[in-house]
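Which chain is which? The protein sequence lines are A and B, in order.
So the first sequence is residues 20 to 370, counted in our numbering.
So the second sequence is residues 20 to 370, counted in our numbering.
Note that these hints are calculated values from the structure, not bench results.
Wrong hints could be hidden among the right ones.
Treat identical chains as interchangeable: a pair holds within one or across any two.
Think about it this way: if two alpha-carbon atoms lie no more than 30 Å apart in a straight line, the pair counts; the simulated DSS-like pairs of lysine-lysine are [as the list claims (entries may be wrong)]:
#: 1; residue 1: Lys171; residue 2: Lys248
#: 2; residue 1: Lys99; residue 2: Lys235
#: 3; residue 1: Lys215; residue 2: Lys235
#: 4; residue 1: Lys167; residue 2: Lys279
#: 5; residue 1: Lys197; residue 2: Lys138
#: 6; residue 1: Lys197; residue 2: Lys279
#: 7; residue 1: Lys99; residue 2: Lys215
#: 8; residue 1: Lys99; residue 2: Lys279
#: 9; residue 1: Lys167; residue 2: Lys353
#: 10; residue 1: Lys248; residue 2: Lys138
#: 11; residue 1: Lys138; residue 2: Lys163
#: 12; residue 1: Lys197; residue 2: Lys99
#: 13; residue 1: Lys163; residue 2: Lys197
#: 14; residue 1: Lys215; residue 2: Lys167
#: 15; residue 1: Lys353; residue 2: Lys279
#: 16; residue 1: Lys353; residue 2: Lys99
#: 17; residue 1: Lys97; residue 2: Lys197
#: 18; residue 1: Lys138; residue 2: Lys279
#: 19; residue 1: Lys167; residue 2: Lys138
#: 20; residue 1: Lys163; residue 2: Lys248
#: 21; residue 1: Lys97; residue 2: Lys353
Protein chains: 2
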Amino acid sequence: MSLAHGYAAQDAHSPLAPFTFERRSPGPNDVRIEILYSGICHSDLHQARDHWSGALYPMVPGHEIIGRVAEVGAQVTKFKVGDYAGVGCMVDSCRHCEHCNADLEQYCAEGATWTYNSKLRNSEELAFGGYSDHIVVEERFVVKVSPKLDLKAVAPLLCAGITTYSPLRHWQVGPGQKVGVIGLGGLGHMGVKFAKAMGAHVVMITSTPDKGQDAKRLGADEVLVSRDKDAMAAHAGSFDFLLNTIPVGHDVNPYVALLKRDATMVLVGALTELEPALRGVNLMFGRKRISGSAIGGMAETQEMMDFCAEHGIVSDVEMVPIQQVNEAYERLLKNDVRYRFVIDMASLERG
Amino acid sequence: MSLAHGYAAQDAHSPLAPFTFERRSPGPNDVRIEILYSGICHSDLHQARDHWSGALYPMVPGHEIIGRVAEVGAQVTKFKVGDYAGVGCMVDSCRHCEHCNADLEQYCAEGATWTYNSKLRNSEELAFGGYSDHIVVEERFVVKVSPKLDLKAVAPLLCAGITTYSPLRHWQVGPGQKVGVIGLGGLGHMGVKFAKAMGAHVVMITSTPDKGQDAKRLGADEVLVSRDKDAMAAHAGSFDFLLNTIPVGHDVNPYVALLKRDATMVLVGALTELEPALRGVNLMFGRKRISGSAIGGMAETQEMMDFCAEHGIVSDVEMVPIQQVNEAYERLLKNDVRYRFVIDMASLERG
Numbered sequence: 020m021s022l023a024h025g026y027a028a029q030d031a032h033s034p035l036a037p038f039t040f041e042r043r044s045p046g047p048n049d050v051r052i053e054i055l056y057s058g059i060c061h062s063d064l065h066q067a068r069d070h071w072s073g074a075l076y077p078m079v080p081g082h083e084i085i086g087r088v089a090e091v092g093a094q095v096t097k098f099k100v101g102d103y104a105g106v107g108c109m110v111d112s113c114r115h116c117e118h119c120n121a122d123l124e125q126y127c128a129e130g131a132t133w134t135y136n137s138k139l140r141n142s143e144e145l146a147f148g149g150y151s152d153h154i155v156v157e158e159r160f161v162v163k164v165s166p167k168l169d170l171k172a173v174a175p176l177l178c179a180g181i182t183t184y185s186p187l188r189h190w191q192v193g194p195g196q197k198v199g200v201i202g203l204g205g206l207g208h209m210g211v212k213f214a215k216a217m218g219a220h221v222v223m224i225t226s227t228p229d230k231g232q233d234a235k236r237l238g239a240d241e242v243l244v245s246r247d248k249d250a251m252a253a254h255a256g257s258f259d260f261l262l263n264t265i266p267v268g269h270d271v272n273p274y275v276a277l278l279k280r281d282a283t284m285v286l287v288g289a290l291t292e293l294e295p296a297l298r299g300v301n302l303m304f305g306r307k308r309i310s311g312s313a314i315g316g317m318a319e320t321q322e323m324m325d326f327c328a329e330h331g332i333v334s335d336v337e338m339v340p341i342q343q344v345n346e347a348y349e350r351l352l353k354n355d356v357r358y359r360f361v362i363d364m365a366s367l368e369r370g
Numbered sequence: 020m021s022l023a024h025g026y027a028a029q030d031a032h033s034p035l036a037p038f039t040f041e042r043r044s045p046g047p048n049d050v051r052i053e054i055l056y057s058g059i060c061h062s063d064l065h066q067a068r069d070h071w072s073g074a075l076y077p078m079v080p081g082h083e084i085i086g087r088v089a090e091v092g093a094q095v096t097k098f099k100v101g102d103y104a105g106v107g108c109m110v111d112s113c114r115h116c117e118h119c120n121a122d123l124e125q126y127c128a129e130g131a132t133w134t135y136n137s138k139l140r141n142s143e144e145l146a147f148g149g150y151s152d153h154i155v156v157e158e159r160f161v162v163k164v165s166p167k168l169d170l171k172a173v174a175p176l177l178c179a180g181i182t183t184y185s186p187l188r189h190w191q192v193g194p195g196q197k198v199g200v201i202g203l204g205g206l207g208h209m210g211v212k213f214a215k216a217m218g219a220h221v222v223m224i225t226s227t228p229d230k231g232q233d234a235k236r237l238g239a240d241e242v243l244v245s246r247d248k249d250a251m252a253a254h255a256g257s258f259d260f261l262l263n264t265i266p267v268g269h270d271v272n273p274y275v276a277l278l279k280r281d282a283t284m285v286l287v288g289a290l291t292e293l294e295p296a297l298r299g300v301n302l303m304f305g306r307k308r309i310s311g312s313a314i315g316g317m318a319e320t321q322e323m324m325d326f327c328a329e330h331g332i333v334s335d336v337e338m339v340p341i342q343q344v345n346e347a348y349e350r351l352l353k354n355d356v357r358y359r360f361v362i363d364m365a366s367l368e369r370g
C-alpha cells in the first residue's frame with residue numbers, strides 16, 4: 020500500500036475536496052503511473068452528483084488519465100519506467116467471457132471494473148480514479164502514449180476519443196459518406212476530427228449556431244443547425260451515418276429523419292430515457308437503425324492512440340488546477356468549455 | 020368506370036356499412052380482380068377509427084386481397100383472365116426514385132400510394148381497398164398466387180406475411196440462430212412460421228402464457244413469457260434477432276436486454292411512441308440495435324408468395340361474412356382471434 024492524494028466527492032451534494040487514501044502496491048502484472056493530466060468528462064459530474072444513482076462514495080473521479088510509468092511489476096512486458104501511459108474508463112474485466120475474448124472488455128459479461136465509482140474485482144474495496152497523484156493498473160488496461168503528441172491534450176482521448184472513434188470504425192465510416200456528428204462538446208469535437216480524418220464528408224449538427232465557425236475549424240465540411248426546421252428538412256434522408264453525442268436524454272425523432280434508408284444513428288452520450296419517445300413509424304419507413312456504443316476495448320483504444328499519433332489528432336483543451344474542479348463542473352453544466360477541461364495534476368499538493 | 024360494392028367507414032365513430040362507389044376502368048397496364056377474400060389487418064381498425072389521424076373518408080379498408088383476374092389491359096404480361104392474384108398494401112409509387120429502382124416501393128421517396136386511406140397518384144380521388152367486390156390495380160403491384168394453397172388463408176400473407184418475411188430475410192435469419200418473435204397475433208404467428216421455415220431456433224415471446232401451446236403448434240421451439248422476470252433474465256443477451264410484432268407503443272427496454280451483442284430487434288407493429296421511453300444505456304452496452312421494417316417491395320412480396328407455395332405456409336384464419344366486420348373489429352381489440360380474420364367476399368351482396 021502507498022498513500023495517494025486526490026480530490027473526492029463525499030456525497031451527491033457537496034463539492035469535491037482534498038482526500039487522502041491508500042492505493043494497493045503493484046502486483047506482477049501491474050504498472051504504477053504518476054498522473055500528469057486528468058481530463059474532466061461530463062460523466063464525472065453525473066456520477067459525482069449521483070445523477071445515475073448507485074454512486075459509491077467517497078468517489079475520486081477521473082478516467083482520462085495520462086501519466087508517466089513510475090514502477091512496473093515483474094511480469095510486465097509492455098511498459099518500462101519512464102514510458103508515457105494512458106488509462107481510460109476500465110481497469111479490469113473478467114478476461115474469459117466471449118466479449119473479453121473478442122477484445123471488447125467494455126461489454127464484459129460479468130461487468131467491467133470501472134476506473135472509479137466501481138468496486139475492485141472480487142473485492143469490496145473501491146476503485147479510485149484519476150483526480151489523484153498516482154494509480155496502479157494491470158498492464159492490459161493501460162495504453163502506450165506517443166511522446167510526439169501534446170500530452171495534456173491527449174488525456175481526453177481515453178474517453179471522449181475512444182467513445183467516438185470506436186463506432187466510427189465499427190460502422191466503417193469512410194470516403195464517399197456523408198456523416199453527421201450531433202452535439203459539439205467533448206465527444207462531438209473529437210467525432211468531427213476523427214470522421215474527417217477517416218475521409219468522410221462531415222456535417223456538424225448543433226443547436227448552437229455560433230459554434231458553426233468553430234466546427235469548421237475542427238474539420239466539419241458543413242454545419243446544420245438542428246433548430247432550423249427548413250435546414251433539417253433539406254437534409255432529410257441524406258446521411259449515411261450519425262454519431263449522436265448529446266449527453267442527456269432528448270428527442271431523437273428529428274435526427275432519425277436525417278438518415279438514409281438502412282442507415283444508422285449511434286448514441287454515445289445519452290444513457291437515460293430518450294424523451295419525447297421514439298416513434299416506431301420513424302424507424303419503419305426506411306429501415307432506419309438506432310444503436311449505441313460504449314467506449315472501446317483495450318486493443319481498439321491502443322489502435323486509436325496510434326491513429327492519433329499518425330494523424331496528429333488531440334483534443335482541444337482548457338487547463339484547470341485541481342483546486343478549480345468544482346468551478347469547472349459548473350461551467351460544464353452550462354456547456355461553457357471548448358471542448359474539454361483537463362486538470363494539470365502538478366497543481367495537486369502531493370503528500 | 021364501373022360500379023363497385025363494399026363496406027366503408029364514413030367517419031371515425033360509426034360502424035362500417037354498405038357503400039357503393041365507382042372504380043376506374045382498367046388501363047393498358049392494369050388488371051381488374053374479382054375479390055374472393057379480404058383479410059382484416061389490425062391497421063384496418065386503426066385507420067377506420069382514425070387512431071393515427073389524417074384518415075380519409077369514406078374509407079373502404081382492406082389490403083390483404085386475394086381474387087381472380089377478370090380483365091387485363093392490353094399491355095399486361097404477367098396475368099391472364101382466370102389467374103389467381105393478390106394485392107397488398109400498395110397500389111402505386113413514383114417508380115423512378117432510388118427506392119423504387121431498388122424494388123423497395125414501400126419506401127418510395129415521394130410516398131407510395133396505399134391501397135386505401137390514400138389518394139390515387141396525381142389525383143384527388145380516393146383509393147378504396149379490399150372490403151369490396153373488385154379492384155383495379157397496375158400489374159406491378161399485383162402478385163401471382165399459387166392455386167396449390169388454400170386461397171382464403173393466403174390473403175393475410177399480403178400484409179401480415181410480407182411484413183414478417185421481409186425483415187427475417189433482410190437480417191438474414193437462418194440455421195444456427197436463436198430468433199425471438201414478440202407478440203402472438205396476426206403478424207407474430209406468421210413470424211413463427213417463417214423463422215422456423217428459414218431454419219432458426221424460434222422462441223415465441225408472449226405476455227399470454229396460455230398461447231404457449233399454440234405457439235409450439237405453429238412451429239416455436241420454446242415459449243418465453245414476457246411477464247416472467249426470472250425467465251426473461253435467464254434469456255438475457257442470448258438472441259441473435261428479435262422480430263417485434265406488438266401492434267401498439269410499449270416498453271421495448273426488456274426486449275433489448277434479450278439481444279446478444281451487436282444483435283438487432285426490428286419493430287414491425289408499433290408505429291406510435293415507444294413508451295416508457297427507451298434508455299440509451301440499454302443500447303450502448305452491447306451495441307444493440309433497434310430498427311423497423313414496413314411490409315416489403317413487390318418483388319419480395321412475390322418471392323414470399325413463392326416461398327409459401329414451396330413450404331406450404333399459409334395463415335391461420337377465421338372466416339367472417341362482411342356483415343360481421345364490426346363484430347370482428349371488436350374481437351380484434353380484445354386480441355380474440357387465432358390469428359387472422361378473413362372476410363369471405365361471397366357474403367357481399369353484389370350489385
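These are the hints, each one checked on the structure:
Proximity of lysine 171 to lysine 248 under the C-alpha cut-off of 30 Å is found in neither arrangement, the shortest distances being 39 Å within a copy and 47 Å between copies. In this assembly of identical chains, the alpha carbons of lysine 99 and lysine 235 never lie at most 30 Å apart, being 40 Å within a copy and 61 Å across copies at closest. In this homomeric assembly, lysine 215 and lysine 235 come within 30 Å of each other (Cα to Cα) only inside a single copy, at 11 Å, whereas the closest approach across copies is 52 Å. In this assembly of identical chains, lysine 167 and lysine 279 lie within 30 Å of each other by CA distance neither inside one copy nor across copies; the values are 39 Å within and 40 Å between.
Taking the shortest alpha-carbon separations for lysine 197 and lysine 138, neither the intra-copy value of 42 Å nor the inter-copy value of 34 Å comes in at or below 30 Å. In this assembly of identical chains, the alpha carbons of lysine 197 and lysine 279 lie at most 30 Å apart whether taken from the same copy (10 Å) or from different copies (29 Å). Taking CA atoms no more than 30 Å apart as the test, lysine 99 paired with lysine 215 passes in neither setting, with 34 Å inside one copy and 57 Å between copies. With identical chains, the CA atoms of lysine 99 and lysine 279 are never at most 30 Å apart, being 49 Å at best within one copy and 39 Å at best between copies.
Within a single copy, lysine 167 and lysine 353 get their C-alpha atoms no closer than 33 Å, and across copies no closer than 68 Å, so neither meets the 30 Å cut-off. Proximity of lysine 248 and lysine 138 under a CA criterion of 30 Å is satisfied inter-copy only: 27 Å between copies versus 46 Å inside one chain copy. For the homomeric pair lysine 138 and lysine 163, the shortest alpha-carbon distance inside one copy (25 Å) is at most 30 Å, but the shortest distance between copies (63 Å) is not. In the homo-oligomer, the alpha carbons of lysine 197 and lysine 99 never lie at most 30 Å apart, since the shortest distance is 43 Å inside one protomer and 47 Å across protomers.
In this assembly of identical chains, lysine 163 and lysine 197 lie within 30 Å of each other by CA distance neither inside one copy nor across copies; the values are 32 Å within and 40 Å between. In this assembly of identical chains, the alpha carbons of lysine 215 and lysine 167 lie at most 30 Å apart only when taken from the same copy (21 Å versus 57 Å across copies). Taking the shortest Cα distances, lysine 353 and lysine 279 never come within 30 Å of each other, neither inside one copy (33 Å) nor across copies (37 Å). In the homo-oligomer, the alpha carbons of lysine 353 and lysine 99 never lie at most 30 Å apart, since the shortest distance is 41 Å inside one protomer and 70 Å across protomers.
Taking the shortest Cα distances, lysine 97 and lysine 197 never come within 30 Å of each other, neither inside one copy (38 Å) nor across copies (40 Å). In this assembly of identical chains, lysine 138 and lysine 279 lie within 30 Å of each other by CA distance solely across copies; the values are 26 Å between and 43 Å within a copy. In this homomeric assembly, lysine 167 and lysine 138 never come within 30 Å of each other (Cα to Cα): the closest approach is 35 Å inside a single copy and 65 Å across copies. Taking the closest pair of Cα atoms, lysine 163 and lysine 248 never come within 30 Å of each other, the shortest separation being 45 Å inside a single copy and 44 Å across copies.
In this assembly of identical chains, lysine 97 and lysine 353 lie within 30 Å of each other by CA distance neither inside one copy nor across copies; the values are 41 Å within and 64 Å between.
In the structure shown, a violation is registered for the earlier hints numbered 1, 2, 4, 5, 7, 8, 9, 12, 13, 15, 16, 17, 19, 20 and 21, in ascending order.
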